[in-house]
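Visitor: Taking the hints into account, I'd like the entire structure generated from these sequences.
For the record, the sequence lines run as chains A and B.
Per the numbering used here, the very first residue in the first sequence carries number 23; after that it's consecutive.
Per the numbering used here, the very first residue in the second sequence carries number 23; after that it's consecutive.
Hints are computed from structural coordinates only; laboratory data are not their basis.
Honestly, I wouldn't trust all of these hints.
Lysine to aspartate or glutamate pairs mimicking DMTMM-like chemistry, simulated, CA-CA at most 25 Å apart [said to hold, decoys possible]: (1) A:24 - B:408; (2) A:440 - A:193; (3) A:400 - A:447; (4) B:400 - B:314; (5) B:125 - A:458; (6) A:461 - B:137; (7) B:125 - A:285; (8) A:340 - A:285; (9) A:138 - B:223; (10) B:207 - A:201; (11) A:340 - A:329; (12) A:440 - B:141; (13) B:340 - B:383; (14) B:442 - A:120; (15) B:24 - B:35; (16) B:384 - B:329; (17) B:222 - B:458; (18) A:207 - B:141.
Partial chain A-side listing against chain B, Cβ under 8 Å, derived [claimed, not checked]: (19) 89; (20) 93; (21) 94; (22) 95; (23) 97; (24) 160; (25) 167; (26) 226; (27) 445; (28) 497.
Okay, the calculated beta carbon distance ranges per label pair [stated by the list, open to error]: (29) B:255 - A:447: 45 to 55 Å; (30) A:408 - B:72: 30 to 40 Å; (31) A:370 - B:206: 33 to 43 Å; (32) A:150 - B:104: 49 to 59 Å.
All C-beta atoms, glycine included, are put in the ideal place defined by N, C-alpha and C.
2 protein chains.
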Amino acid sequence: MKHTAISQILKMEPSLHEVTVKGWVRSFRSNRFIAVNDGSTIHNLQCVIDFSTFDEEVLKQITTGAAIEVTGQLVESQGQGQSVEIQASSVRVLGTADPEEVKLTILSPKRHTLEKLREQAHLRVRTNTFGAVMRLRSKLAFAVHQYFQNNGFYYMNAPIITGSDAEGAGEMFKVTAMDLKNTKKTEDGKVDFSEDFFEKETNLTVSGQLEAETYAMGLGKVYTFGPTFRAENSNTSRHLAEFWMIEPEIAFCDLHGNMDLAEDFIKYVVKYALDNCQDDLEFLENRLLDEEKSKPQAERSEMTLRDKLSFIVDNNFKRVSYTEAIDILKRSKPNQKKKFKYIIEEWGADLQSEHERYLVEKHFKCPVILFDYPATIKAFYMRLNDDGKTVRAMDVLFPGIGEIVGGSQREERYDVLKEKMKAMDISEEELYWYLDLRKFGTCVHSGFGLGFERLVQFVTGMGNIRDVIPYPRTPGNAAF
Amino acid sequence: MKHTAISQILKMEPSLHEVTVKGWVRSFRSNRFIAVNDGSTIHNLQCVIDFSTFDEEVLKQITTGAAIEVTGQLVESQGQGQSVEIQASSVRVLGTADPEEVKLTILSPKRHTLEKLREQAHLRVRTNTFGAVMRLRSKLAFAVHQYFQNNGFYYMNAPIITGSDAEGAGEMFKVTAMDLKNTKKTEDGKVDFSEDFFEKETNLTVSGQLEAETYAMGLGKVYTFGPTFRAENSNTSRHLAEFWMIEPEIAFCDLHGNMDLAEDFIKYVVKYALDNCQDDLEFLENRLLDEEKSKPQAERSEMTLRDKLSFIVDNNFKRVSYTEAIDILKRSKPNQKKKFKYIIEEWGADLQSEHERYLVEKHFKCPVILFDYPATIKAFYMRLNDDGKTVRAMDVLFPGIGEIVGGSQREERYDVLKEKMKAMDISEEELYWYLDLRKFGTCVHSGFGLGFERLVQFVTGMGNIRDVIPYPRTPGNAAF
Numbered sequence: 023m024k025h026t027a028i029s030q031i032l033k034m035e036p037s038l039h040e041v042t043v044k045g046w047v048r049s050f051r052s053n054r055f056i057a058v059n060d061g062s063t064i065h066n067l068q069c070v071i072d073f074s075t076f077d078e079e080v081l082k083q084i085t086t087g088a089a090i091e092v093t094g095q096l097v098e099s100q101g102q103g104q105s106v107e108i109q110a111s112s113v114r115v116l117g118t119a120d121p122e123e124v125k126l127t128i129l130s131p132k133r134h135t136l137e138k139l140r141e142q143a144h145l146r147v148r149t150n151t152f153g154a155v156m157r158l159r160s161k162l163a164f165a166v167h168q169y170f171q172n173n174g175f176y177y178m179n180a181p182i183i184t185g186s187d188a189e190g191a192g193e194m195f196k197v198t199a200m201d202l203k204n205t206k207k208t209e210d211g212k213v214d215f216s217e218d219f220f221e222k223e224t225n226l227t228v229s230g231q232l233e234a235e236t237y238a239m240g241l242g243k244v245y246t247f248g249p250t251f252r253a254e255n256s257n258t259s260r261h262l263a264e265f266w267m268i269e270p271e272i273a274f275c276d277l278h279g280n281m282d283l284a285e286d287f288i289k290y291v292v293k294y295a296l297d298n299c300q301d302d303l304e305f306l307e308n309r310l311l312d313e314e315k316s317k318p319q320a321e322r323s324e325m326t327l328r329d330k331l332s333f334i335v336d337n338n339f340k341r342v343s344y345t346e347a348i349d350i351l352k353r354s355k356p357n358q359k360k361k362f363k364y365i366i367e368e369w370g371a372d373l374q375s376e377h378e379r380y381l382v383e384k385h386f387k388c389p390v391i392l393f394d395y396p397a398t399i400k401a402f403y404m405r406l407n408d409d410g411k412t413v414r415a416m417d418v419l420f421p422g423i424g425e426i427v428g429g430s431q432r433e434e435r436y437d438v439l440k441e442k443m444k445a446m447d448i449s450e451e452e453l454y455w456y457l458d459l460r461k462f463g464t465c466v467h468s469g470f471g472l473g474f475e476r477l478v479q480f481v482t483g484m485g486n487i488r489d490v491i492p493y494p495r496t497p498g499n500a501a502f
Numbered sequence: 023m024k025h026t027a028i029s030q031i032l033k034m035e036p037s038l039h040e041v042t043v044k045g046w047v048r049s050f051r052s053n054r055f056i057a058v059n060d061g062s063t064i065h066n067l068q069c070v071i072d073f074s075t076f077d078e079e080v081l082k083q084i085t086t087g088a089a090i091e092v093t094g095q096l097v098e099s100q101g102q103g104q105s106v107e108i109q110a111s112s113v114r115v116l117g118t119a120d121p122e123e124v125k126l127t128i129l130s131p132k133r134h135t136l137e138k139l140r141e142q143a144h145l146r147v148r149t150n151t152f153g154a155v156m157r158l159r160s161k162l163a164f165a166v167h168q169y170f171q172n173n174g175f176y177y178m179n180a181p182i183i184t185g186s187d188a189e190g191a192g193e194m195f196k197v198t199a200m201d202l203k204n205t206k207k208t209e210d211g212k213v214d215f216s217e218d219f220f221e222k223e224t225n226l227t228v229s230g231q232l233e234a235e236t237y238a239m240g241l242g243k244v245y246t247f248g249p250t251f252r253a254e255n256s257n258t259s260r261h262l263a264e265f266w267m268i269e270p271e272i273a274f275c276d277l278h279g280n281m282d283l284a285e286d287f288i289k290y291v292v293k294y295a296l297d298n299c300q301d302d303l304e305f306l307e308n309r310l311l312d313e314e315k316s317k318p319q320a321e322r323s324e325m326t327l328r329d330k331l332s333f334i335v336d337n338n339f340k341r342v343s344y345t346e347a348i349d350i351l352k353r354s355k356p357n358q359k360k361k362f363k364y365i366i367e368e369w370g371a372d373l374q375s376e377h378e379r380y381l382v383e384k385h386f387k388c389p390v391i392l393f394d395y396p397a398t399i400k401a402f403y404m405r406l407n408d409d410g411k412t413v414r415a416m417d418v419l420f421p422g423i424g425e426i427v428g429g430s431q432r433e434e435r436y437d438v439l440k441e442k443m444k445a446m447d448i449s450e451e452e453l454y455w456y457l458d459l460r461k462f463g464t465c466v467h468s469g470f471g472l473g474f475e476r477l478v479q480f481v482t483g484m485g486n487i488r489d490v491i492p493y494p495r496t497p498g499n500a501a502f
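Guide: Structure (structure tokens):
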């Protein structure tokens, strides 16, 4: 029997023609009202049955979690919050869900903690919250591709397994096909990688940036969107060992162009969510309001979720140099009163999340782009300014989540880059290909990285990053 | 100076207003004609200079590979094959490219073998061939997302690092944060994974299917598009150790729906390439014709590249059961004359690539979908037919490349699946979550996997899979 998505049905007019839906029972009230959800939308479709005409054996199997097929006429709904409902002429149970077993899972119709849902990550997408989050995640991913493709960028797949460990963005996972019990050794007792699959030491990538740069030098404007990895023992609500990163890289683009791009891009994808995911956002907004009721007034958000998103779309991001930011922070109350964990003493200090949040949430009260950081606290590939002490780096800071984008104009001068690599003990032999970009038609170029899960967190309002990716990987957890 | 993409300029009318382009010199003829490419299109923009008005020092630096900025009026072109050119009023060299050094690279203006280009994979995207291939790859990736998003599917990121090694689709790479020199051991001499980052044994995924199924049971229709890995020592033109896979999974969909989807999907993305990548396809078509000139007549393609693509879009894929296929193969000339390497003796034989190609290229002369394979040669999760010996599997076979899609209706019956896992020694404990899908609201569902690089190979006509991904990973090779 051909069936129609509930998202489509809810847009249809009442009609004498019969429609068929297939989905899962969310609830069955009074032996009469079945709420069916098929994942196409947050909304359930109400199916009304006349129980006197249905086989009792069938009725018994219509329980929460069961898969059913319902056929009937679409009529005007008597209930609240829905325009149409199905007057069922037939109901077929496709897959049962034993109520006794359901009771032991998060499918049971009561409130479960997010921690509990995480333990049953294979079932949690059947809940309203995770359905909404994952639909939003999907729409946001598409908005990312659409933005770049509409703006002349080419999608580029940087390698996941990498033979280069030079970037130093974080601890790496090792990849091997060797027997871990007995890894092969050379005569002097070192691991003999020449016996491994790739005949060399290999790791999981921490960033596709360097490879993306090679492609920007041929295709002009490129972006990556793929998984990246950090083997860091960070058990926080903002870190994952496996996460998806978006990294555009643009030839003939300086730091200003880079900031323009980051702002325009973020506004586009957030607006896309506002325009295309109203129902899911409304649900998540109410979820947040509900969650906040348990908090003291002072800790509650000043804005609702959608207001917060609209605020991002409608306002300019404030651009502030690191030097200005340090001045502001030095003079700030929490610094003066020693309320910061890390007191800002002088120029050159690395900014902590408490400082970033102060700037964004207390001082400017809007998204902030910090730029021109001290060279000493940033990566080797960033373009040195003429002052000799700052680099053309930029970070976009967001309320609630802190750094959402980190980027820079890249050092395009062969000699300067080579010098810096030497000073920072980065192997020239290993990165000869990266230096080659500065040898053959080098040019001003820039790019940034955006952690996709941070974006999804921001848009969905979910507090823990483990709740915005289907199967989170964190220290001690690689279940499923 | 704000610049315009060459792809845009080539669509503009001649004008008195000046335009600026930034790109790389492809050639400089007669001290007068600079061909500039910026990666936005396969086409170069001709920039005409009056050398008498230019500084000789600048002219000397306008060499192949150099990055330049050209400003001037857009005038009607005198040359062939282009409608407009720039009458340059200024040329600025942004990054030089020493001709002596260029000579040693694939940037030098002569014909290089694909093998040679592979060795300099960081530069090859600057060639016409790889520019075209990688632009097509990007467009095809977008078409994939667009197709699924337009058809109500949600994008789902299956985990890359997986704690489950049960699928058995191939040899897996191990992921660890342990010191490979001294992996930790338990008292009885086994590797002590409880001391590793995830506190268990972990691998790189070979397929996101099982996790995608969990999401289809909540969201209805989902697709993955991410990297997958095989640690197999296959040094062929069709295998990579790291490749990108597309895996849709659909609830309430049987094998017929699955075949319909695969056919409709492939036609959509191929048509998207035909409609949106004409220039690059034209170039690649001519490249192929050129390449084939060195082959004997009999080995040359009967169709040009674009004709081959149109043929796919315009014709129905032939659906043939495995049983019919075996009959055809048994009676075929190469089988009778023992020309096949593997002679088909009886029903149950696994089909080799020579057989698939015979069916597609010699017998049916069109794409073929084989279905209902013997259970013994297929994976444990495929739906057993009522005959008890075949499963609802399907493979889509394409001319030139063989299997491009493999899929099936999934076994949705708890008892049958459990029985099969037991028989095939697949740990129930490990895959409890997969069995859960059959316990709580199970339903008929199906899906397939498509190797993205195979698709890119087909559309670009590239013979070696290493030439359709930026940085190929194969045995002994993880450079860059």
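Visitor: The structure should be examined with respect to each hint, and the outcome stated for every one.
Guide: Results of checking the hints against the structure:
1. With a C-alpha separation of about 23 Å, the suggested pair residue 24 of chain A and residue 408 of chain B falls inside the 25 Å cut-off, and the hint holds.
2. The hinted pair formed by residue 440 of chain A and residue 193 of chain A meets the criterion: a straight-line CA distance of about 24 Å does not exceed 25 Å.
3. Using a Cα cut-off of 25 Å, the hinted pair residue 400 of chain A and residue 447 of chain A holds, with the two alpha carbons roughly 15 Å apart.
4. As the CA atoms of residue 400 of chain B and residue 314 of chain B are separated by approximately 37 Å, the hinted pair breaks the 25 Å bound.
5. Our distance criterion of 25 Å between C-alpha atoms is met by residue 125 of chain B and residue 458 of chain A, whose separation comes to about 14 Å.
6. Among the hinted pairs, residue 461 of chain A with residue 137 of chain B is consistent with the structure: their alpha-carbon atoms are about 23 Å apart, no more than 25 Å.
7. For the proposed pair residue 125 of chain B and residue 285 of chain A, the alpha carbon gap of about 41 Å is over 25 Å, so the pair is violated.
8. Of the pairs offered as hints, the one joining residue 340 of chain A and residue 285 of chain A holds, with about 10 Å between alpha carbons and a cut-off of 25 Å not exceeded.
9. Restraint check for residue 138 of chain A and residue 223 of chain B: satisfied, since their Cα atoms lie roughly 24 Å apart, inside the 25 Å limit.
10. Annotation: proposed proximity of residue 207 of chain B to residue 201 of chain A holds, straight-line Cα distance about 13 Å (limit 25 Å).
11. Only pairs whose Cα atoms come within 25 Å are accepted, and residue 340 of chain A paired with residue 329 of chain A is accepted, the gap being roughly 19 Å.
12. The suggested pairing of residue 440 of chain A with residue 141 of chain B holds, with an alpha-carbon distance near 23 Å, which does not exceed 25 Å.
13. This hinted pair checks out: residue 340 of chain B and residue 383 of chain B have alpha carbons roughly 12 Å apart, not beyond 25 Å.
14. As the CA atoms of residue 442 of chain B and residue 120 of chain A are separated by approximately 23 Å, the hinted pair is consistent with the 25 Å bound.
15. Between residue 24 of chain B and residue 35 of chain B the alpha-carbon distance is near 19 Å, which keeps this suggested pair within the 25 Å criterion.
16. Restraint check for residue 384 of chain B and residue 329 of chain B: the C-alpha separation of about 18 Å stays at or below 25 Å, so the hint holds.
17. With a C-alpha separation of about 22 Å, the suggested pairing of residue 222 of chain B with residue 458 of chain B holds against the 25 Å cut-off.
18. A threshold of 25 Å between alpha carbons decides the hint, and for residue 207 of chain A with residue 141 of chain B the separation of about 28 Å lies outside it, so the pair is violated.
19. Interface restraint check for residue 89 of chain A: the shortest CB-CB distance to chain B comes to about 4 Å, inside 8 Å, so the restraint holds.
20. Evaluation of the residue 93 of chain A hint against chain B yields a violated restraint, the C-beta minimum of about 13 Å exceeding 8 Å.
21. Proximity of residue 94 of chain A to chain B is violated relative to the hint, the smallest CB-CB distance being about 17 Å (cut-off 8 Å).
22. With 8 Å as the threshold, the beta carbon of residue 95 of chain A stays out of range of chain B, its nearest partner Cβ sitting at about 21 Å, so the hint is violated.
23. Checking residue 97 of chain A against chain B by beta carbon gives a least distance of about 23 Å; that is not within 8 Å, so the hint is violated.
24. Taking 8 Å as the C-beta contact cut-off toward chain B, the hint placing residue 160 of chain A at the interface holds, the least distance being around 4 Å.
25. Hint on residue 167 of chain A holds. Least Cβ distance to chain B is approximately 5 Å, under the 8 Å limit.
26. Taken as an interface hint, residue 226 of chain A checks out: its beta carbon lies about 7 Å from the nearest beta carbon of chain B, inside 8 Å.
27. Interface restraint check for residue 445 of chain A: the shortest CB-CB distance to chain B comes to about 23 Å, outside 8 Å, so the restraint is violated.
28. A distance limit of 8 Å between C-beta atoms decides the matter here; for residue 497 of chain A the minimum to chain B is near 6 Å, and the interface restraint holds.
29. The hinted range of 45 to 55 Å is not satisfied by residue 255 of chain B and residue 447 of chain A, whose Cβ atoms lie roughly 35 Å apart.
30. Taking 30 to 40 Å as the suggested C-beta distance range, the pair residue 408 of chain A and residue 72 of chain B conforms, at roughly 35 Å.
31. The beta-carbon spacing between residue 370 of chain A and residue 206 of chain B, approximately 40 Å, falls within the hinted interval of 33 to 43 Å.
32. Against the hinted window of 49 to 59 Å, the Cβ-Cβ separation of residue 150 of chain A and residue 104 of chain B comes to about 57 Å, which satisfies the hint.
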